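Undergrad: Listed here are the chains, written in short residue letters.
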Amino acid sequence: MTPALAARAPAVPARTGVWVAVLAISMTFAAVAAAMIGRAGAAPDWQQFRLPPILYVNSVLLMLSSGTLEAARARLKHATPARAIGGSASQWLALTLGLGIMFIAGQLLAWHALATLGLFLSTGPASAFFYLFTALHGVHLLGGVIALVYALHRVRQVGPAAAGALGAAALYWHFMTCLWLCVLLLLTIRL
Amino acid sequence: MPDTPRPPLTQPRETAAKVSELKHVPPQTFMRKYVFSVDHKVIGKQYLGLALVAVCTGMLLSWLMRLHLGYPEVAIPGLSTVSPNGAPGGVMTPEYYLSLMTMHGTIMVFFVLTTAPFAGFGNFALPLQVGAEDMAFPRINMMSFWVTLAAFLVLVAAFFIPDGPPLSGWTAYAPLSAVGKDAGPGQGMGQTLWAISIALFCVGQLLGALNFITTTLDLRTKGMSLGRLPYATWAWFITSVIGLIAFSVLLPACILLILDRVGGTSFFIPAGLVISDRLQPHSGGSPLLWQHLFWFFGHPEVYIAILPGFGIISQILPAFARKPLLGPRVFIACLAAIGFLSYTVWGHHMFLSGMNPFSATLFSVPTLIITIPATIVTLLWIGTIYGAKLRFTTAALFCLGFASVFVSGGISGFFLAQPSIDVQLHGTYFVVAHFHFVMGVAAMFGIFAGTYYWFPKMFGRLMNETLGKVHFILTFIGVYCIFMPMHWLGLHGDVRRYSAFTDEYMKGDIPLHKFITVAALFTGAVQLIFFVNLIYSRFKGPKATDNPWQSTTLEWATTSPPPFDNFGGHPPTVYRGPNEYGTPSPSGDYAPQFTPEPAGR
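Here the protein sequences come in this chain order: L and Y.
Okay, so the first sequence: first residue is 34 according to our numbering, each after it adds one.
Okay, so the second sequence: first residue is -16 according to our numbering, each after it adds one.
Because the hints were derived from the structure by calculation, they are not lab data.
As the structure is a computational prediction, the values presented were derived from the model and not from experiment.
Glycine residues also receive a C-beta, built at the ideal position from the N, C-alpha and C atoms.
A few chain Y residues facing chain L, derived, Cβ under 10 Å:
1. F230
2. L242
3. L276
Please construct the entire structure, taking both the sequences and the accompanying hints into account.
TA: What follows is the structure, given as structure tokens:
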């Protein structure tokens, strides 16, 4: 309700919707984090374990994917009908998708690494929260993958006109990257 | 005192309609039109239909409970057929009573008090009131309804499994809700179904809130600044924000509960817990954690149920008082204050949980503070009708009834907000009376007011006013007969959740329980008048004009019922706020939002 709104760009519901989703998902993860802190203080049965090193590789992959996504957006922004940079944008986008899927595969490998150590969901609170956090993040990231597939489809169809859809998908994707880094920090420091 | 016309706070949003990605082609097939519809008006009606089925189910359960409370020895015909284990010979076991109570509470809070005033009326009216063609994400909107319906079906499926429904209350307190079958019949599969159902419900409502917020922010028509939004839309908007945060917390809480039940984790189950002579194979969990997570959702949920009612009343009352709402900005500020404060008071549900008494004080203070905006809102309504020539339509009567039951129930809240008094009263019928009045009956009256008010817009026909008034008067008397005596019962020590008061000390209260039972049966039966009115008016009611109540908001600018795209491809332009009643204008004694300024203003 400020005069500043008067100069605002036309509303893009998809973008607003993603911001609303960001609020909701942040709240969900905050609730699980609060539960983790509460549960850790409730009983002396917390047994911290060393996180599988592959998680750090995964993190780098995910951060890279955010970079490639921005590259795709930049290519799309500077595309003109004369210069068919839309194609190059979709290549960057496909690369982003590939990195995202590699991240999810890497997370599954991390699960496998824990399982071989005998750490399962029910083993203890530390492993339970590890599986819970990674699963929750993975499910939300899959949503991002679907959004990117849709954006890729749009870019191939309509070129630069897909900037709105891609922007909304990118916002969500970057949020997923930030969220993962927060989750990783939370799992590493262990109270 | 009408608002002086002001220029809109934001620039006109001509682009809003263009950026909406949905192409509004009316659906052709029956399935697309009425079943898998993306039209917000159909989805709103679907939600209201679901709430109607749910409220009948919930009321039936309350009848069974009341019959048992009033007449503990008497067999209820047919009940042994429904549940041979729960009611052998027709007399229900205490466990079965708890099952009925759990299902009654869950169905009523989630599938009636949330779906009807928020999702039902909100879906129907919000896009119309902001001048949009539809919600921002119509497909997500459709998904929201179908996920909610699935949640309802999963919940009622608990009646049809061998162990029966869960019995740990609508709050599903851990560890009893987390340990499984050892905690009693229904705590096996039934409780798992409960947790899955509520998790699904959260998803449905989150998708709904996403749509409400985005639509309000992005799809307002030309001239519809935030300052000109109708009050009901404000209420739905603020409720969506509350819901977005609350359901985002309940969802992971339900996931943790499900994992404790089926995944072998120990989030909520402490070490060394013995239930039904069996040591539970869990360690280190915190039952209090569930209560914190649940009530962090649970208290805002109370406002999710009641704030849409606030908005509906604040919109309807001025239309029948023919006076502007007193202090519209104060009203919106109060809604926002309630929304914020609702997140600071959850601990007042946990005064008995053994938490630190200092925390109890911490939760008690904002609980008392939140009564201030709630009281102001009520005073604004009274100020609005002061000196007005009120048109006593059924909708207006239900608005007055809303104020009455909200105050009656709210006053006991002052007592319960104090930990020292709450410790005595929390486990008794005093609390039952309190929340049924302030949240249950008040929200129901809001739903009734909304139904009588928007029915002409929904179906193009007016409801029968005589039947409506009889319905109001009998319901109003009935609810007071049910819930007023419960205060006394609570002060006298009648404990909540007891299936019968047959021991020596409590026996003296049975006549009062009988009275309440008769009142409950009567009030429930009275609702048949409402059903008859709904069905009769749907087909035989007098045809409604576009704006039968001479209201100011945009839904009355279009035909009754509105076309698929709401305004026939010509979204209205908004010229003023929604509060211009008692203003001489070419339209009469009011100035709708959608007519240009009269000359000379």
